[in-house]
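Visitor: Produce the complete structure using the sequences and hints provided.
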Amino acid sequence: MSTRAFGSRIKRTVDPALLRGEGAFVDDIPLANPLHAAFVRSPYARARITAIDVAAARAHPGVVAVYTADDIGVIDREMPLLIPHPSMTDARTQRPLARDDVYYVGQTVVMVVAVDRYTAEDAAALVEVDYDPREVAVDIEDAVKPGAPLVHDSHAGNVAAYYEQVSGDPDAAVRAAEHVTRIKVKVERSTAAPMECRAVAAQFDAVSGELTVWDGTQAPISVRGGLASIFGLDEDKVRVIAPNVGGGFGQKVLLFYPDELLVPMAAMELGRPVKYIEDRRENFIGSTQERTQVHAIELYARKNGEVIALRDSFLHDTGAFIPYGIAVAQVASTSIAGPYRIPNIWVEFTAVYTPTVPVTPYRGCGRPQACFAIERAMDQLAEELGLDRFEVRRRNLIGDDQFPWTREGLLFADGLRVSLDSGQYQTALEMITSELRPADFAAEQARARTEGKYLGLGLAFYVEGTGLGPYEGGHIKVHPITGKVYVNTGLTGQGQGHETVFGQIVADQLGVAVEDVILVEGDTRAFDWGVATFASRAAVVSGNAIYKTALIVRRQIIRAAANMLEASEDDIELRDGAAWIRGTDRNAPLAAIATASNPLRYAFNDAAKAATQFMPASKHDGPPLDEGQHPGLEATDYYSPACATWAYGVHGAIVEVDPDLCDVKIRRYVCIHDCGNMINPTIVEGQVMGGIAQGLGGAMYERIEYDPEGNPLNANFVDFLVPYATEVPSVEVRHLETPSPLNPLGVKGVGEAGCIAVGAVIASGIEDALAPLGAGKFHNTPITPSMIHAALGGD
Amino acid sequence: MRRPRIATPTVSSDPRAPVSITVNGERVEREVSVRMLLSDFLRHELGLTGTHVGCEHGVCGACTVLIDGVAGRSCLTFAVQASGHEVRTIESLASEDGALHPVQEAFQECHALQCGYCTPGMIMNIVGMFEEGRPLDLSDEGIRLALSGNLCRCTGYQNIVAAVRKAAETMPAG
Amino acid sequence: MKPALFEYSAPKTVAEAVALLSHDPGAVVLAGGQSLVPAMNLRLASPSHLVDIQHIDGLRGIRVEDGRIVVPAMTRHRELELSDAVHAANPVIREAMAHVAHVPIRNRGTVVGSLCHADAAAEMPMVLVLTRGSVVAEGPGGRRTIAAEDFFQFHMTTAREPGEMIVEAHFPVLPEGAGAAFDEFTRRHGDYAIAAVGAIVGFDAAGRARDVSIAACGIGSKPMRLREAEALIAGTPVGEADLAAAGEAARAAVSAPDDMHATTAYRRRVVATLVRRVVGRAAQRAGKGR
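Protein chains in written order, with numbering that gives the first Met the number 0: chain A, 0 to 794; chain B, 0 to 173; chain C, 0 to 289.
For the record, the hints were derived by calculation from the structure and aren't laboratory data. All of these numbers come straight from a predicted model, not from anything done at the bench. One or more hints might be untrue.
Which chain B residues face chain C? A few, computed with CB under 8 Å, are given here [to be verified]:
(1) Thr9
(2) Ala16
(3) Val33
(4) Arg34
(5) Glu55
(6) Thr63
(7) Val69
(8) Ala70
(9) Gly71
(10) Arg72
(11) Thr76
(12) Glu140
(13) Gly141
(14) Leu144
(15) Ser147
(16) Gly148
List of simulated lysine to aspartate or glutamate pairs, EDC-like, C-alpha gap at most 16 Å [to be verified]:
(17) A:Lys664 to B:Glu140
(18) A:Lys144 to A:Glu134
(19) A:Lys547 to A:Glu633
(20) A:Lys483 to A:Glu407
(21) A:Lys10 to B:Glu104
(22) A:Lys10 to B:Glu108
(23) A:Lys664 to B:Glu108
By construction, the Cβ of each residue, glycine as well, lies at the ideal position given by its N, Cα and C atoms.
Guide: Here it is in structure tokens:
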């Protein structure tokens, strides 16, 4: 496999357009006289609707339609349960517009469609809804207490799901253990907060009967399938396009959000384009969130620090509904042992309904919570046994020669037992040790203390199962006029640079420049077999599908070129957009080969003249196209991974805590990570750095706040603290490349890597810094100055 | 049975006011609702969709443009307020033949954008800073201070800091 | 989020503006809009009438005269911040300005607008109180000067009467030989203060502090002077013990309840720390770095 473009730091091909402001995000797409939607949303966390009066809204000038649950026909139903699982009983999902009951502040009750968003909001304010509010228990630990108010009368104890997994023989190991460490940790709710909120626009062409939907989604094919099935349309008559999307981070997968059904419905009914451009407040109260989990974790160890069993029991907050099933909790539960051998594991979780915004995966998808639990516990174990934190990890990490390491009994999100396929965990630990030099740091820390400065060192390992199936596809076609290479795949991007990364894969196989590879993805008309972008899978699954497809097209080119140049296939090499006889100047440009591979009747240009049926590309008697042969240079292929491939890394930081202001500064942040072979190291680093910034947000700043009645208190950027450049430190990223043995390109996913370990690292560092002041343990994130103040004994 | 096309309104009944704004060097005159935000005016009245909307409460900076030569939030300005003034948007930076402005070049060189949504506002803020003509603090801290006020959720800011430093090298002084 | 509808006027004179404000109790002044428009977009404020004062003559042009800095109503934050004449007259202004939101907000927002918005955690109202400044109001009853401590009554509530327009603010220059300092603690750069403290300290010939002004914002329902802390600094050489005592005394001034950004207990710690640091810094800067 050629490595010229693959592995190179190639500049992104898509940037110039974005930099000039020529991106086409959903709200940028010009539509003819579009109508705009706004929503009336529940102001109560839990209430019965007793009356809705839309008369004044309907009569308001500029309003075209007002919809309640009674007005939306076939979509007045609970929306699909995307990932069923036996651990759930009678999973509850949301209706597009509430009927009879509302379950969280922000839930959609009425949709107003008007000439512009200003007018639609005016009219929404005129809708009168009468509610009969009910008691609520918002905090997750309150929600599971006996007698707690129920979100759904159908679900006693607010339990949405319960799941228990066992690997090895934890009971025996528990009995044999010489030491047990027990801690309880909590990670608080956050939200993806992409810079572009969600957006949906739809247009129905009555002449062709085609519905076109532009949706800022990570899952256009899945949305198309759902729309076609729900509205009873042919899939061929439904086109879903994810244009430029301003960040997704998991939030833009959920199908369906109410607007994703309501906006197409309105467009079809009203005969005019309709758009819903979510505003920031709505993103906070209507688009999904994630993170709240409470873990009671126990490590059973030998005196030398070797952990022989792990028990974890956790509560997972699923919000008011559970449309995405137990995915987040499942990923957390199967990541709980991290990179450590720990051969015996018992893990149970309870997914709990709370009257809050529903929970679906947000970058990390449960891994940050699991990492926080295991890494805080490992630090605690080290302290209790009087061992160094690095040493405890060294004694427990899966050895570089011990892969694959399987955990029978733990089923990952791919439905298969966890199998950590490859890595160099010990090497990574050595790398971070040599970067952070803990012995030198200890001396520096002691010196600083004499000056009244408090420095701390934090450390955390993480693992990340990536590259989930079921599959993705690739389609490649060489354009006969320009010789450029068109590539399609079913998933779509929100800034990950697919155009460049996939272009690099194809460029190497077909001998073209990366700029001459043109990717069109995220459009069901361009390619419509596939799943979506999530769970760090695009490089692995679409990347390998495109690679396999490129191999086929490469063989086609070589075969056709050999014929045209009258040479042996072994002597053909592809480079600079042409096929060459090795060692000579004789070549055929790709455009010519593509044209020549298409036996034509009409010579409509010079190239076609050369390729008409009177001069076929292949010299043999018989039909211009053999049985099974197709015209042109084109192929489609798929990659279906057998199982996930596991990436990993270790982060460390030096922090300084000001004991007077309780302010934390990060003096140094180092990340060692391994995502297998890197297609474009610059893009990989961008993903890691972005992930670390989001992890930092969760570690110190971001917490979705609800009052005891379930009212969101910080549904805006003033009070929900997404870090600016002044809050995020520079980070040092070091790469390890242990190729994945599980796919042809040897790649692993990296999209979520950065955010997983940050909370644990920061907590570990703050704890280390403040230990001499008796601050105790930091087992909750985000860690705020007020918490540090309280930990220092502040009154 | 096909029914007659529904007649539906296409404009609101808001009172309108004339505005005359010089946008990217060109005077534009329109009649718009008095409450139309400058961000919506640029994007939907003029079709200059490069200026993006992230929050409409002034915190994220995605909507930043230059108003009378200095960076300002277009989501916090009414179009009528901007009447008689000069506005420059991201679309004014590249030259007619498509050649990128040094700040745009530096962003591409340094991989300072991923989804591209915060980018126009980020760049206009930086251009405003460069054009202010004051001495620049190009240390990490100084650049991060200049960038505070623009949220980015994709990049983690580090490459944006590098891009500002690189742009400063390539741009004429002052 | 889009604002509700309003009537829009752009008067050319103060008299016209006053007439419009008097005529409609729901009318408000639009200057920079950096506080007003976010509230309108969120529909937390829906004034019936916006009176845009940007075209009124005489509302621009900072002047330093008669021992004070005169800031007319359309003066942008950034203009006041960058003025070298202002900085020479009272350096605490530029030091405080660095904490006011971010540059693009300061480019458009006005100083007088921030004073009238009177957010209890905002920096410029506190600086007005610290410097013992005042505002000038023009109304149907004529023109009057309102001292800072009388002007700020409560969070987002001032002594401005309906129909009055604040036409300028006066910030006294720094007294000869005095030192001034300002510092603030926030979670993120540019956020509203969790607590901010400003101090002006002069010294007599014997090296004892006099004309001490210490003010804070973010700790209660309005910006305030910390009089107990001042009393513990006045007449002292401003040594470590004096600073510590002043800091401790300042804790009692914190009345803000626990909120999502800070507990009251933590805020007390911040104010005590900032008083120690800021008063100490101001003392050092007094008369050629004592």
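Visitor: Next step is simple, just say for each hint if it's right about the structure.
Guide: Going through the hints against the structure:
For threonine 9 of chain B, the suggested interface contact is broken, since its CB lies about 18 Å from the closest CB of chain C, more than 8 Å. Annotation: alanine 16 of chain B was flagged as interfacial toward chain C, and the flag holds, the nearest CB pair being 6 Å apart, inside 8 Å. With a least beta-carbon distance of about 4 Å to chain C, the hint placing valine 33 of chain B at the interface is held under the 8 Å criterion. With a least beta-carbon distance of about 5 Å to chain C, the hint placing arginine 34 of chain B at the interface is held under the 8 Å criterion.
Given hint, glutamate 55 of chain B at the interface with chain C, holds; its Cβ is 5 Å from that chain's nearest Cβ, closer than 8 Å. Interface restraint check for threonine 63 of chain B: the shortest CB-CB distance to chain C comes to about 6 Å, inside 8 Å, so the restraint holds. For the restraint placing valine 69 of chain B at the interface with chain C, the shortest Cβ-Cβ distance is roughly 4 Å, inside the 8 Å limit, so the hint holds. The beta carbon of alanine 70 of chain B comes within 4 Å of a beta carbon in chain C, closer than 8 Å, and the hint placing it at the interface holds.
For glycine 71 of chain B, the interface hint holds, the least distance from its beta-carbon to any beta-carbon of chain C being 4 Å, beneath 8 Å. The closest approach between the C-beta of arginine 72 of chain B and any C-beta of chain C is roughly 6 Å, which is under the 8 Å cut-off, so the hint is satisfied. Hint on threonine 76 of chain B holds. Least Cβ distance to chain C is approximately 6 Å, under the 8 Å limit. Given hint, glutamate 140 of chain B at the interface with chain C, is violated; its Cβ is 11 Å from that chain's nearest Cβ, farther than 8 Å.
About 12 Å separates the beta-carbon of glycine 141 of chain B from the nearest beta-carbon of chain C, more than 8 Å, and the hint is not met. Given hint, leucine 144 of chain B at the interface with chain C, holds; its Cβ is 7 Å from that chain's nearest Cβ, closer than 8 Å. Hint status for serine 147 of chain B: holds, given a least beta-carbon distance of 4 Å to chain C, under 8 Å. Hint on glycine 148 of chain B holds. Least Cβ distance to chain C is approximately 3 Å, under the 8 Å limit.
For the hint pairing lysine 664 of chain A with glutamate 140 of chain B, the CA-to-CA distance comes to about 13 Å; that is within 16 Å, so the pair holds. Between lysine 144 of chain A and glutamate 134 of chain A the CA atoms are separated by roughly 14 Å; this keeps the pair inside 16 Å, and the hint holds. Straight-line distance between C-alpha atoms of lysine 547 of chain A and glutamate 633 of chain A comes to about 12 Å, which keeps the hinted pair within the 16 Å bound. The suggested pairing of lysine 483 of chain A with glutamate 407 of chain A is violated, with an alpha-carbon distance near 48 Å, which exceeds 16 Å.
Taken as a hint, the lysine 10 of chain A and glutamate 104 of chain B pair is honoured in the structure, with Cα atoms around 11 Å apart against an allowance of 16 Å. As the CA atoms of lysine 10 of chain A and glutamate 108 of chain B are separated by approximately 7 Å, the hinted pair is consistent with the 16 Å bound. Annotation: proposed proximity of lysine 664 of chain A to glutamate 108 of chain B is violated, straight-line Cα distance about 29 Å (limit 16 Å).
Going through the hint list in order, the structure does not satisfy hints 1, 12, 13, 20 and 23.
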